[in-house]
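Note that the protein sequences, when read in sequence, are chains A and B.
Convert by adding 11 to the 1-based position in the first sequence; the result is the number in the numbering used here.
Convert by adding 11 to the 1-based position in the second sequence; the result is the number in the numbering used here.
Hints are not guaranteed to be accurate.
With a straight-line cut-off of 16 Å between C-alpha atoms, the simulated EDC-like cross-links for lysine to aspartate or glutamate are [what the hints assert, rightly or not]:
#1 B:Lys292 to B:Glu484
#2 B:Lys162 to B:Asp258
#3 B:Lys387 to B:Asp309
#4 B:Lys387 to B:Asp339
#5 B:Lys349 to B:Asp299
#6 A:Lys96 to B:Glu190
#7 B:Lys232 to B:Glu484
#8 A:Lys279 to B:Asp405
#9 B:Lys351 to B:Asp299
#10 B:Lys122 to B:Asp147
#11 B:Lys351 to B:Asp309
#12 B:Lys406 to A:Asp101
#13 B:Lys162 to B:Asp149
#14 B:Lys108 to B:Asp149
#15 A:Lys97 to B:Glu399
#16 B:Lys406 to A:Asp52
#17 A:Lys96 to B:Asp192
#18 A:Lys279 to B:Glu399
#19 B:Lys232 to B:Glu216
#20 B:Lys131 to B:Asp100
#21 B:Lys292 to B:Glu218
#22 A:Lys279 to B:Glu371
#23 B:Lys131 to B:Asp147
#24 B:Lys278 to B:Glu471
#25 A:Lys97 to B:Glu190
#26 B:Lys114 to B:Glu184
#27 B:Lys131 to B:Asp145
If you are wondering where the hints come from, they were derived from the structure by calculation, not from laboratory data.
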Amino acid sequence: MLKYVGKRLLMMIPVLLGVTFIIFSMLYITPGDPARLVLGDSASPEAVEQYREEQGLNDPFLVQYGRYMKNLILHGDLGTSYSTKKPVIDLIKDCFPATVKLAFCSMLFALVLGIPIGIISAIKQYSIFDMCSMAFALLGISMPVFWLGLLLTLLFSVKLGWLPSSGFNTPLHLILPAVSLGAQSVAVITRMTRSSMLEVINMDYIKTARAKGLHEKTVIIRHALGNALIPIITSAGLQFGTLLGGAVLTESIFSIPGIGRLMVDSIKMRDFPTVQGGVLIIALAFSIVNLLVDLLYAFVDPRIKAQYK
Amino acid sequence: MSRKGLMRFLIAAAVSATALFGSMSVSAAETTQDTLTVAMGSDATSIDPVAVCNVYSSNIMAQIYDTLIDVAEDGTVTPRLAESYEVSDDGLTYTFKIRQGVKFHNGDELKASDVAYSLKRAQASAAVAHIFGDIDPDSFEVPDDYTVSFKLQQQNTGFIAGLANTGASIVPEAVVEAEGDNFGSNPIGTGPFKFVSWTKNDTIELERNDDYFGEEPALSKITFRIITEATNRAIELESGGVDMAFDISTNDISRVEDNSNLQLIRKVDNQTTFLAFNCEKEPWNNPDVRQAISYALDTTAICNAVWRGVGAPAAGPIAPNVKYHDNDLTPHEYNVEKAKELLAAAGVQEGQKLVISTNERQERIDMATIIQSQLKEVGIDVEIEVLEWGALLDKADRREQDAIMVGWTCQTADPDMAVYAVFHTQSNGQVGNNYANFSSEKVDELLEKGRSMPDSDDREAVYKELQEEIVAEAPWVFLNNGEVVVGAKANMKGFEPTAFGYHPLYNIYFE
Chain A
12 MLKYVGKRLL MMIPVLLGVT FIIFSMLYIT PGDPARLVLG DSASPEAVEQ YREEQGLNDP
72 FLVQYGRYMK NLILHGDLGT SYSTKKPVID LIKDCFPATV KLAFCSMLFA LVLGIPIGII
132 SAIKQYSIFD MCSMAFALLG ISMPVFWLGL LLTLLFSVKL GWLPSSGFNT PLHLILPAVS
192 LGAQSVAVIT RMTRSSMLEV INMDYIKTAR AKGLHEKTVI IRHALGNALI PIITSAGLQF
252 GTLLGGAVLT ESIFSIPGIG RLMVDSIKMR DFPTVQGGVL IIALAFSIVN LLVDLLYAFV
312 DPRIKAQYK
Chain B
12 MSRKGLMRFL IAAAVSATAL FGSMSVSAAE TTQDTLTVAM GSDATSIDPV AVCNVYSSNI
72 MAQIYDTLID VAEDGTVTPR LAESYEVSDD GLTYTFKIRQ GVKFHNGDEL KASDVAYSLK
132 RAQASAAVAH IFGDIDPDSF EVPDDYTVSF KLQQQNTGFI AGLANTGASI VPEAVVEAEG
192 DNFGSNPIGT GPFKFVSWTK NDTIELERND DYFGEEPALS KITFRIITEA TNRAIELESG
252 GVDMAFDIST NDISRVEDNS NLQLIRKVDN QTTFLAFNCE KEPWNNPDVR QAISYALDTT
312 AICNAVWRGV GAPAAGPIAP NVKYHDNDLT PHEYNVEKAK ELLAAAGVQE GQKLVISTNE
372 RQERIDMATI IQSQLKEVGI DVEIEVLEWG ALLDKADRRE QDAIMVGWTC QTADPDMAVY
432 AVFHTQSNGQ VGNNYANFSS EKVDELLEKG RSMPDSDDRE AVYKELQEEI VAEAPWVFLN
492 NGEVVVGAKA NMKGFEPTAF GYHPLYNIYF E
């Protein structure tokens with residue numbers, strides 16, 4: 012098992028190297044001059060040219076890329092932000108925790124609501140509960156997050172005054188953003204749980220378990236859900252990994268200082284080091300989440316564990 | 012769940028809910044409020060005065076630092092860190108007497124050497140060189156601890172107004188040298204408020220400087236909260252989450268106005284939004300064709316439709332609150348027949364294509380859409396190209412545009428800043444702010460003359476002539492002047508917005 016984990020960690024390295032190359036290339040060919048954007052539109056042409064020289068922006072692509080990779084690999088240095096002059100790693104350290112908190116709470120909301128509803132829908136297929144929950148799922152997937160966010164804010168903050176509308180200091184602040192962002196995930200997980208459960212419920216071994224006289228709860232939770240979990244974990248894992256990339260719209264509406272906003276602001280400013288560093292960290296986080304999901308499979312299903320060598 | 016279990020659950024839920032909501036209620040303040048929470052649309056980039064030039068950063072700088080002088084809109088100079096100043100007869104040498112006993116937030120005394128250091132930094136900085144670039148960096152003299160003098164490389168009457176800009180804030184030399192780039196995140200100034208903390212994209216906290224040399228602020232604390240969505244800023248203001256919100260959007264203005272607990276504070280600012288033709292490209296290189304477009308556009312109707320009463324239709328290149336703005340200029344006459352005549356005389360064919368490039372700001376796209384339909388009536392076929400800001404600047408730098416919709420702000424209280432960089436031939440032909448690629452000997456002459464003359468009726472006459480000449484040449488279609496729209500609690504007093512986009516908050520108090 013440890014060997015498997017080790018192999019997976021090593022495999023991450025070429026993936027991350029590929030990510031740095033792709034992002035660097037994309038930033039290089041994107042129109043827009045970082046010097047002009049960082050210095051502001053009042054800056055003189057001489058000042059812009061001087062800045063470009065100082066930052067090495069006039070060097071050829073491979074020279075710039077080589078310089079970046081040298082700093083990264085030899086010194087673990089993600090560079091300094093063009094606009095704020097702060098080390099990129101500090102900027103990311105400041106905002107990534109907020110995104111992790113938001114992603115975690117959204118997933119929790121999605122799982123706590125989605126899995127039970129999915130299970131009940133599967134057990135009571137074609138019942139009124141099933142119809143309603145599928146309709147809600149469709150609504151959840153279709154509703155744009157910014158629209159839902161503003162609607163919830165108007166209701167719970169303005170009309171009722173129960174919850175704060177922006178900021179990120181207290182647990183109460185997490186509720187509206189988590190619900191807005193989690194709505195789509197709830198829908199996906201509900202549907203995934205339902206379809207996965209339906210596949211499993213009609214299996215012969217479930218009939219056998221019932222025939223053996225086991226309590227229905229045990230049949231559903233231990234035997235059916237246990238076998239239905241794999242696709243649900245896959246889906247949840249992908250969702251969580253995506254959320255870690257920063258939910259820009261949610262962060263903007265609720266003024267959450269997360270990595271999504273940092274990325275968008277940095278791209279607008281052509282703050283290459285911050286974009287590069289941010290994408291690298293997000294790619295790393297996504298890879299780790301994937302690894303953890305694969306390890307979770309092994310925990311849930313011994314047949315899979317046996318395959319991990 | 013059994014019925015008993017359900018009842019227990021419901022009671023427990025009700026009790027917890029009551030406790031939760033009960034603890035959220037805020038007890039009424041019995042003393043006058045002495046803290047201010049302000050909602051701002053974007054985070055500051057740096058609090059180092061010379062590192063950046065944007066209003067969000069300047070909003071913080073304006074509370075933490077002092078400048079040598081303050082300059083009113085009509086050009087009146089009030090001493091601040093400087094007790095007095097002199098300008099030599101040739102207009103090149105400036106000598107300042109510095110106030111004694113002023114302390115930085117770390118307790119060090121302000122000396123003339125700090126002033127020299129700060130201004131030298133401003134001259135060398137890429138971000139603010141457009142305001143301070145005329146300073147001769149080798150000319151600084153500090154004969155004693157409270158006197159500093161320096162020379163300009165060329166005469167510039169507008170220079171003194173620039174010294175009131177946050178770029179000329181006075182910083183402690185020793186601290187800046189020690190901190191380097193870090194100074195922008197941990198600033199020290201002499202101002203009425205001290206920096207406490209900065210959580211990126213979230214909050215910036217300041218506290219009162221009890222040793223301030225000037226009038227002690229009534230507020231003990233200012234907190235800036237970064238709330239990017241305009242609607243959310245208005246919501247936070249309504250719900251009491253903030254005491255003041257900058258940049259209230261047009262959609263929210265009536266909500267704030269109709270709320271008796273809130274007030275709306277407005278002032279036309281120094282920003283001009285315009286459509287700049289590429290004056291080097293046919294047929295836009297013909298002033299008659301450009302005039303024809305101006306006649307074909309009803310800019311008043313466009314502004315009313317898009318801005319709904321915020322700001323005002325622009326009549327010329329100098330905004331209304333800037334010194335020497337020509338009050339006789341009115342928004343361009345709307346005359347479709349005249350437009351058609353001029354176009355026909357210039358040989359412009361029916362179906363002439365015009366690509367208007369703009370960035371993603373919704374108001375600009377909306378204005379371009381109305382322009383498109385109005386120009387159709389005179390046979391001009393407009394295509395609207397929406398580009399991201401960096402890409403738009405790139406296109407303008409490569410001089411590929413037909414016409415570009417942008418804005419320009421006069422950042423000091425002097426008209427030179429409104430016109431020189433955007434119309435002088437010097438800025439043409441390279442990466443810069445002459446978005447219209449415009450060049451005119453007469454305009455150049457007037458710009459240079461206006462810059463070097465001392466304030467007087469003659470100078471005013473030069474700027475009047477300049478504005479008339481630019482309107483006649485029509486390199487721009489003048490669209491609108493912006494407006495500062497700030498919402499605040501009704502009992503907040505002492506706030507005077509400036510036309511620059513950043514505002515002093517230290518005179519604010521609550522009744």
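Against the structure, the hints come out as follows:
1. For the proposed pair Lys292 (chain B) and Glu484 (chain B), the alpha carbon gap of about 15 Å is at most 16 Å, so the pair holds.
2. Pair hint Lys162 (chain B) plus Asp258 (chain B) does not hold up; C-alpha atoms about 39 Å apart against a cutoff of 16 Å.
3. Under the criterion of a C-alpha separation no larger than 16 Å, the hint pairing Lys387 (chain B) with Asp309 (chain B) is consistent with the structure, at around 13 Å.
4. Straight-line distance between C-alpha atoms of Lys387 (chain B) and Asp339 (chain B) comes to about 30 Å, which puts the hinted pair past the 16 Å bound.
5. Note on Lys349 (chain B) and Asp299 (chain B): the hinted pairing holds, with a Cα-Cα distance of about 11 Å set against a maximum of 16 Å.
6. Our distance criterion of 16 Å between C-alpha atoms is met by Lys96 (chain A) and Glu190 (chain B), whose separation comes to about 12 Å.
7. In summary, the hint linking Lys232 (chain B) to Glu484 (chain B) is not supported, as the alpha carbons are separated by about 51 Å, beyond the 16 Å threshold.
8. This hinted pair checks out: Lys279 (chain A) and Asp405 (chain B) have alpha carbons roughly 13 Å apart, not beyond 16 Å.
9. Pair hint Lys351 (chain B) plus Asp299 (chain B) holds up; C-alpha atoms about 11 Å apart against a cutoff of 16 Å.
10. For the suggested pair Lys122 (chain B) and Asp147 (chain B), the alpha carbons sit about 20 Å apart, so the restraint of at most 16 Å is broken.
11. For the hint linking Lys351 (chain B) to Asp309 (chain B), the alpha-carbon distance of about 14 Å falls within 16 Å, and the restraint holds.
12. Among the hinted pairs, Lys406 (chain B) with Asp101 (chain A) is inconsistent with the structure: their alpha-carbon atoms are about 34 Å apart, more than 16 Å.
13. Annotation: proposed proximity of Lys162 (chain B) to Asp149 (chain B) holds, straight-line Cα distance about 9 Å (limit 16 Å).
14. A threshold of 16 Å between alpha carbons decides the hint, and for Lys108 (chain B) with Asp149 (chain B) the separation of about 19 Å lies outside it, so the pair is violated.
15. At roughly 25 Å between alpha-carbon atoms, Lys97 (chain A) and Glu399 (chain B) are farther apart than 16 Å, so this suggested pair is violated.
16. Proximity of Lys406 (chain B) to Asp52 (chain A) is assessed by CA-CA distance (about 14 Å); at most 16 Å being required, the pair is judged to hold.
17. Note on Lys96 (chain A) and Asp192 (chain B): the hinted pairing holds, with a Cα-Cα distance of about 6 Å set against a maximum of 16 Å.
18. Of the supplied pair hints, the one linking Lys279 (chain A) and Glu399 (chain B) holds, its CA atoms being roughly 8 Å apart against a limit of 16 Å.
19. Restraint check: the Cα-Cα separation between Lys232 (chain B) and Glu216 (chain B) comes to about 7 Å, which is no more than 16 Å; the hinted pair holds.
20. Between Lys131 (chain B) and Asp100 (chain B), the direct Cα distance comes to roughly 23 Å. Violation of the 16 Å bound is thereby established for this hinted pair.
21. For the given pair, Lys292 (chain B) sits about 54 Å from Glu218 (chain B) by alpha-carbon distance, which is inconsistent with the 16 Å threshold.
22. Of the pairs offered as hints, the one joining Lys279 (chain A) and Glu371 (chain B) holds, with about 12 Å between alpha carbons and a cut-off of 16 Å not exceeded.
23. The hinted pair formed by Lys131 (chain B) and Asp147 (chain B) meets the criterion: a straight-line CA distance of about 8 Å does not exceed 16 Å.
24. Only pairs whose Cα atoms come within 16 Å are accepted, and Lys278 (chain B) paired with Glu471 (chain B) is rejected, the gap being roughly 23 Å.
25. The straight-line distance between the Cα atoms of Lys97 (chain A) and Glu190 (chain B) is roughly 12 Å, inside the 16 Å bound, and the hint therefore holds.
26. For the suggested pair Lys114 (chain B) and Glu184 (chain B), the alpha carbons sit about 13 Å apart, so the restraint of at most 16 Å is met.
27. Of the supplied pair hints, the one linking Lys131 (chain B) and Asp145 (chain B) holds, its CA atoms being roughly 11 Å apart against a limit of 16 Å.
In this structure, the earlier hints numbered 2, 4, 7, 10, 12, 14, 15, 20, 21 and 24 are contradicted, and the remaining ones agree with it.
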